[in-house]
Every structure is written in C-alpha cells, then in structure tokens.
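> Sequence:
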Amino acid sequence: MARLRRVPEADRPRDPGRRARARTPLSKRPAIGGIGVGVAVGWNIAAIGAVATRMSHAYGVGLATIGLLTTTQFLVHMSMQIPGGRTADRFGARPTAFAGLAVIAAGNAIALASPSIALAFAGRAVVGFGTGLAFVSGLDYLRARGGTPFLLGVYGGASVLAPGVALAVVPVFGGFRAPYETTIVVVALATLAMILAPASGRTERHAGDRLEAGFFRDRRLYRYAAIHAMSFGVNV
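Going by the working numbering, the letters in the sequence shown line up with residues 44 to 279, in that order.
Since the hints were derived computationally from the structure, they do not count as laboratory data. For clarity, every value in this text was computed on a predicted model and none was experimentally measured. A portion of the hints provided could be inaccurate.
Said to hold, decoys possible - Label-pair restraints from in silico Cβ distances:
| id | residue 1 | residue 2 | range |
| --- | --- | --- | --- |
| 1 | Ala272 | Gly207 | 31 to 37 Å |
| 2 | Pro192 | Gly218 | 22 to 28 Å |
| 3 | Phe216 | Pro192 | 34 to 40 Å |
| 4 | Leu118 | Leu155 | 20 to 26 Å |
| 5 | Leu155 | Phe193 | 33 to 39 Å |
| 6 | Ser274 | Phe216 | 29 to 35 Å |
| 7 | Val228 | Arg266 | 37 to 43 Å |
| 8 | Gly257 | Gly105 | 26 to 32 Å |
| 9 | Thr114 | Ala242 | 34 to 40 Å |
| 10 | Tyr267 | Gly200 | 15 to 21 Å |
| 11 | Leu155 | Pro192 | 34 to 40 Å |
| 12 | Leu118 | Leu232 | 24 to 30 Å |
No residue lacks a Cβ here, since even glycine has one placed at the ideal position from N, Cα and C.
Using the sequences and the hints given, assemble the complete structure.
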C-alpha cells in the first residue's frame with residue numbers, strides 16, 4: 044500500500060504525514076460511539092430489502108424497482124467516499140459523523156411522507172450522501188482516538204452485521220414505513236452514543252498530496268477493487 048500511495052513508509056512511525064494517534068488506550072465511550080456510526084450506516088443497506096415484497100405492493104412497482112432504491116443509495120455513497128474523507132480532514136471526524144447521521148435521518152424522513160416511489164428514490168439519494176459522510180468519518184474517529192487495527196476491523200464487521208440484524212428486525216413492524224422508522228431509531232441511538240463520546244482532533248494526512256491520473260493506471264488498485272466487489276459487494 045505504501046507504493047500504491049507513492050509515499051515511502053506510509054502510515055508507519057517514520058512517515059512524516061502519518062495521522063495522529065491518541066497516546067492513551069481507547070476507552071469504551073469512543074469505541075461504542077464510533078462503532079455505532081458503522082451500525083447506523085450498515086442498517087440502511089438491508090432495511091428496505093428486508094421487506095421488499097411489502098414495499099413493492101405499497102409503492103405499486105416491481106421488485107426490481109425496489110432493488111434500484113438501494114442501488115441509488117450506493118451510487119451516491121460511492122461518490123461521497125473521497126469528499127467524505129476530505130470533509131473529515133477539514134472539520135474533524137466527529138462533527139462530520141454527526142452531519143452524516145443527520146443527513147441519513149433526513150433522507151429516511153423524506154420517504155416517510157407518503158408511499159411515493161419518487162420520494163423513495165429522493166430519500167435514498169439523500170441517505171447515500173449521509174452514509175458516505177458517516178462511514179468514513181466514523182472509522183476516522185476511531186483511528187484518531189487511538190483505535191487498534193482490530194477495533195477498526197470490528198467497525199467494518201459491525202457495518203455488515205447491522206444489515207443482518209435489520210433483516211430480522213424490520214419485518215416485525217408493519218407498513219412501508221418500517222425501514223425508515225427503524226433506521227431513524229438506530230441513527231438516534233448512534234447519535235446519542237457519539238454525543239457521549241469525547242471529541243477527537245483533526246487528523247489530516249498528507250495534506251499536500253494530489254490525486255494524479257496515473258493513480259488509476261495502477262493495476263493493483265483494480266485487484267483490491269475486485270476483492271472488495273467479490274466480498275462485500277456480492278454479500279450485499
């Protein structure tokens with residue numbers, strides 16, 4: 044990865060642009076707060092799919108159209124990955140996580156208004172914007188607070204465990220609003236956890252770096268993309 048970023052010893056002790064890490068062990072509150080953000084993001088992945096047939100009847104559309112709601116969310120989520128990281132660098136991981144959670148809640152609130160497929164698509168696009176902000180900043184928050192590689196892995200695991208829990212929980216509630224209402228509750232709990240968690244300093248890394256066109260010609264980049272697509276992508 045060091046060669047991929049063209050930075051010798053990247054993220055190692057000798058890297059002058061290494062992100063700051065907390066010197067004290069990570070306590071429970073920041074760990075719960077950060078992981079809560081990952082759970083809130085992950086819940087949105089499967090909340091609609093958990094009641095896809097019910098949603099198709101409520102909206103009067105086919106299952107394929109319901110599937111496109113999640114596709115819409117992921118397209119916006121993908122486009123927000125780099126901007127989300129830049130935002131966390133500039134304003135801090137914790138404030139960015141709060142902003143992302145607020146946008147996720149707003150997107151779900153939009154779709155609550157009525158069983159309109161147009162509102163549903165608009166809401167999913169807004170949710171994708173929020174998850175793009177929240178996912179990166181939640182991870183960066185844990186890192187800034189001194190999270191170990193293991194804990195960062197737990198964060199990723201929590202974000203894909205949440206969809207499984209959503210598949211079991213969302214169908215218990217009736218109506219087309221169930222995915223949106225349960226998500227708002229999960230986001231509220233994650234927000235509370237972050238409120239109780241301590242602040243973190245800004246952790247901007249390699250501020251002078253520029254993304255060059257040659258970066259996309261590196262074949263290793265596509266190897267990692269394929270691994271991610273065949274693991275997380277196929278799972279979703």
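> Next, verify each hint and record whether it holds.
The hints, checked one at a time:
1. Checked against the given bound of 31 to 37 Å, the beta carbons of Ala272 and Gly207, roughly 20 Å apart, lie outside it.
2. Our hint of 22 to 28 Å for Pro192 and Gly218 is violated, since their Cβ atoms are close to 42 Å apart.
3. Separation of Phe216 from Pro192 is about 37 Å and conforms to the stated range, judged on CB atoms against 34 to 40 Å.
4. Checked against the hint of 20 to 26 Å, the C-beta distance between Leu118 and Leu155 comes to roughly 22 Å, which is consistent with it.
5. Separation of Leu155 from Phe193 is about 38 Å and conforms to the stated range, judged on CB atoms against 33 to 39 Å.
6. About 30 Å separates the C-beta atoms of Ser274 and Phe216, a value consistent with the hinted range of 29 to 35 Å.
7. The hinted range of 37 to 43 Å is satisfied by Val228 and Arg266, whose Cβ atoms lie roughly 39 Å apart.
8. In this structure the supplied range 26 to 32 Å is violated for Gly257 paired with Gly105, their Cβ-Cβ distance being about 43 Å.
9. A beta carbon spacing of about 36 Å between Thr114 and Ala242 agrees with the range 34 to 40 Å that was offered as a hint.
10. At roughly 18 Å, the beta carbons of Tyr267 and Gly200 sit within the given window of 15 to 21 Å.
11. Taken as a hint, the range 34 to 40 Å holds for the pair Leu155 and Pro192, whose Cβ atoms sit roughly 39 Å apart.
12. In this structure the hint that Leu118 and Leu232 lie 24 to 30 Å apart at CB holds, the actual value being about 27 Å.
When each numbered hint is compared with the structure, violations occur for hints 1, 2 and 8.
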